[in-house]
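For the record, the sequence lines run as chains A and B. Each residue of the first sequence is one higher than the one before, counting from 2 in our numbering. Each residue of the second sequence is one higher than the one before, counting from 88 in our numbering.
Incorrect hints may have been included.
On the chain B side, residues computed to face chain A include the following (Cβ under 7 Å) [stated by the list, open to error]:
1. 306
2. 313
3. 325
Everything labelled a hint here was simulated from the structure, so no lab data went into it. Built from N, CA and C at the ideal position, the CB exists for glycine as well.
Residue-level listing of the chains:
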Amino acid sequence: MTDANGATTPAAPPATPADGAAPLLRVRDLEKVFPIKKGLLRRTVAHVRAVDGVSFDIARGEVLGLVGESGSGKSTTGRLLLRLIEPTGGSIELEGKELRDLEGEDLRAVRRDMQMVFQDPYSSLDPLAPVADIVGEPFQVHFNMPRKERDEKVVKLLEQVGLSAQHLRRFPAEFSGGQRQRIAVARALALEPKLIVADEPVSALDMSTQSQVVNLLSDLRDRLGVALLFIAHDLSIVHHASDRIAVMYLGGIVEVGDADDVYSRPCHPYSEALISAAPVPDPEVERTRRRIVLEGDPPSPLDPPSGCRYHPRCAYAMDICSQVAPEPTPTLAGGEVACHLHTSGPTLAGRPLAEMSGVTIPEPG
Amino acid sequence: MDRHPHPDPNADPFVTSGNAGALDATTEIERSVEGAWAPVMHHTDEMPGHVGFWKRFRRNKVAVAAAIYLILLILAAIFASRIGLQDPDAQNISEINQRPSAAHWLGQDDLGRDVFARIIYGARVSLQAAFTAVALALVIAVPVGLFSGFVGGWIDLVLMRISDAIQVIPALVLALVISGVLGPSTTNVAIALAFVFTPGFVRLVRGQVLSVREETYVEASRSIGAKRGFIIRKRVLHNVASPLIVQAAVTAGFALLAEASLSFLGLGVQPPQASWGTMLSRAFAQVFQAGWLLWIPGSAIALTVLAFNLVGDGLRDALGAEGRN
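Bound conformation, chain B alone (with noise of 0.2 Å):
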């Protein structure tokens, strides 16, 4: 009996190595095609063409229009000294609350400052604050979260009680009460902010870790017998990055929200210092005097939650359209 239906004496598709690169693609497979394998090749042509993750974001326009908004608010909020603002604590007790105008776009505020300058600069300080938070936060998150799911056992058990416990206390009561104990200043605000974000993060990381533990490749990568730090750093590690990337963003945005609320109750950035939260509580003063101001650093707050929001949803779906189809 023939065990082995397709041999082809004359032609030998294993000997193509030395060869390979003088070949282009098409020869290849035609060589193929003659050699044992021929009907394999076939399969070449429904192979789908690679759409990669920068293709899939961009045809996102609104996530690409929240990307370049945020990208265009930081470079402003890193160069803001730089980009010919005026002086954004320089009083001018003749012109309080003064609508916009060519010489100040965005109006003046009760002490006669530039509001412009003001929101940049302050986009400066809430940013800060929001990454910064999220960014301890991760550090804090992933290497517990990896941890616990991948030792398990009664630590696993004993973490995810600590992070229920944190969970059950409202998030911005928490925040208040830490930046409350710590002290106002910006740095706390940030502390506080990782504390409350950290337990959700947690478990984010372990929830996908105990489902990428179980992935058959990573079985397949003990089989060749890959060491656990290896499988963590190469397997997991990286099947865990686009979710918390999306959540990142996410939070961000809520941490920028979250600075805004603890400013305004006077608990995190402190005046003269612009932040959004500063400025929305100083106008919230004027409110009868002058209310649109209300609605300038009130507008950058919602905008910019927004478009965190909307560019999360665009990894969302431009980082999960990448693992299986």
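One chain only, chain A, in its complex shape (with noise of 0.2 Å):
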């Protein structure tokens, strides 16, 4: 695929989980273009690339974290994968069945493997509706339930989030923020999907209860076996609940890999430079370790960069870097990044960033 400067675009690994089964979600070259409209006759003047190219896999159970900065169309991957907005580009397998395909009852019945849990649990919430009718809301959907089963139902779903069958007539306003996205998961999980899309689920909370959530998820995972796209911001809150983590920058993914090496061992400098981002809880590490801070704003995506999008802000950027968007390689660590790094210049060849800038990450305590 190329972009608007005919050259191939970044960041297409296909990165396949390490068990080489069948994915349960296998995602190719997913592409969302908005048209922005403006005048009289709402004629299109421009586009927004917000998710170009975007390849990846969820083997069944696996929680794969999405992380990157605002704008870099993660949110935006998620809805598309749940077809809530529509891709303009790519496909979406989940089992083996093309979803971008499937109209009206199809869809409504795929949907039923795929649910969703939104950022803010303040507005995801029908504020007029009780707990029993917002979580049990799939059963009325996809079952035409009765009340009374239904509600046996909802309880059980709710003490699998720690809740109980007490919060059954209460409303979203009774609950704290935890607690709302605690109904929020329960709902998701009423239908026993293979694959919940997590988008930004604790960003909207305080930080005392974002572990609370990211906790539940992954212990509902290690019970049910349900797969997970955790799309989050902070890569030190992914990094514990995934099993991989993907990179996104500007609508494409820059890296894909192993949690803990894509966390302590980054290959593309945009990982690198998220991670050093987050603050450490250790003081005596926070006030002396290097810190990479990225200038400026992201660029556009009305306008994106030519060549490597990242290299406006990249620290080792190079001649190549403006002129060829990098292909996907693969790591030694078994992940795959898209960085001229490795395949030109000072060449890393898929060995971590970190033993050409002597960034090192500090081990989470």
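Could you use the hints to bring the two separately framed chains together as a complex?
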């Protein structure tokens, strides 16, 4: 696939999960272009390439963390998977079935297998509906289940997320943010989906409740074997909960790999910067460690930079970076990275970036 | 590395469903505290107590008083013929324009009729016209507003321009013209007023739909696989309902006033049938003989319109807080 500059777009690492089995979800070259309309006639004056050629796999029961800064297209990717917004290109296969071809009843049916937990638990729950109706909605929608039977199921779900039957008749306003997010998780679990897309499920919560919800999600994965696409901007949170991590920048994936490898030994300069931005809980380390501070704002997806999209902000940028978009190449740790440092110039050839930059990531405490 | 920091091999919080009924709330929480989510349940004590709609409404004493007044008035109007009132149409030419007395609590009018009985029977006509107008307007406006808001596009544009066109004409003038064309009668007054009120309700519903449909909980319903009809019924409609109820209460007050105005001008309820507007009109002719007669239907109208507005305010406060806090 080529972009406006005629160069191939970066980052299409089809990183397959380690076990080699057929993936649960297979995403290839996923693309979403939003037209910008202006004026009385609503003429399209420009295009935003929000998601530009994203490819990844998720295995059964696997947690894939998707990280990137605001505007990198990670939430759009999540919504595209569920077809809450329509992709403009690429393919999404769930258990080998192409989701982009589905319409009407078929789409409704496949939505049972994929559920979503939204970022803001204050707006994702109907404020006027009691918990029984919110969590029971999937049963009503898909099975038209009578209330009594529905309530029994809802209680079981509430217990799975650490709430109880006494909460059945309460309204969302009566719960704390963390509890609301648990309700949202319970709703997502109702249909026993194979995949849950969690779109920044903890970023609207207090620090104290964040880890609870993260732990809840990974516990549910362990118990129920549900796969998870965990979208977040904070790598340190995703790191604990994920098996693998994909790092997104400006609509494309720049690095994929095992969670520990990407977090502790990143191969892409952007991953390194992202990890370095997270505070370290040890004040001693926090004061003395070297931080990489990214200059400027992320470039506008209206007019993405030529070549590697990260090159204007990259501390290691070479001449080639502004000319040719880097292809994904395997890393020694088994992931993939789209960066010229690994193929040309001072070739890293899949070794962690730290070997060149000297930046070390403090081990999490 | 330990990715799941809280596993406790001894306690399994998932296996509570079987005996959940036997445990009371406290033991349930304590069990969880020992289990995997120790920090989680601490939030339970932060949970605000459930403050229901009625509790909130009851706090507003003025609105409660207004609601009681309206309920009594409506009951009196419904059972007017069974509560021992005098005949509202019985004339007594020898006792005209009499001030209030023990026999006639609110006096007698220019034909010697009992004013109290006429006020209650008049309430029946006036309230009926007001409620019919509002109900009719709602029946038309809710589906149109939902449709307009949900479908959008040029249909929405056309519907909104039509409602603009109706709304630029002053309400009372429009109602005057319509009841003038339809001919004076109680039913026609209601129809005229319904026509006047419909655009306002359509706009209200449409505006609510536009904001509600962008809410994440509507997107959540879509992601679950809910059909559009389900989303409109279960998610949109009841979120539209609160402002609509408030608006309906306030509009009912205005309808009452408009009915009185039209009847006063002779385009509404026709004599000898009693309505507050016709009573006012009748009393107006006697203003130099018995000026106090104006005060009685006038106060009834003012009080009742005020009561509708106060109840509307009370509902707004009580319903509004049920949303996000």
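Comparing the hints with the structure gives:
no., hint, result
1, 306, "6 Å, holds"
2, 313, "5 Å, holds"
3, 325, "5 Å, holds"
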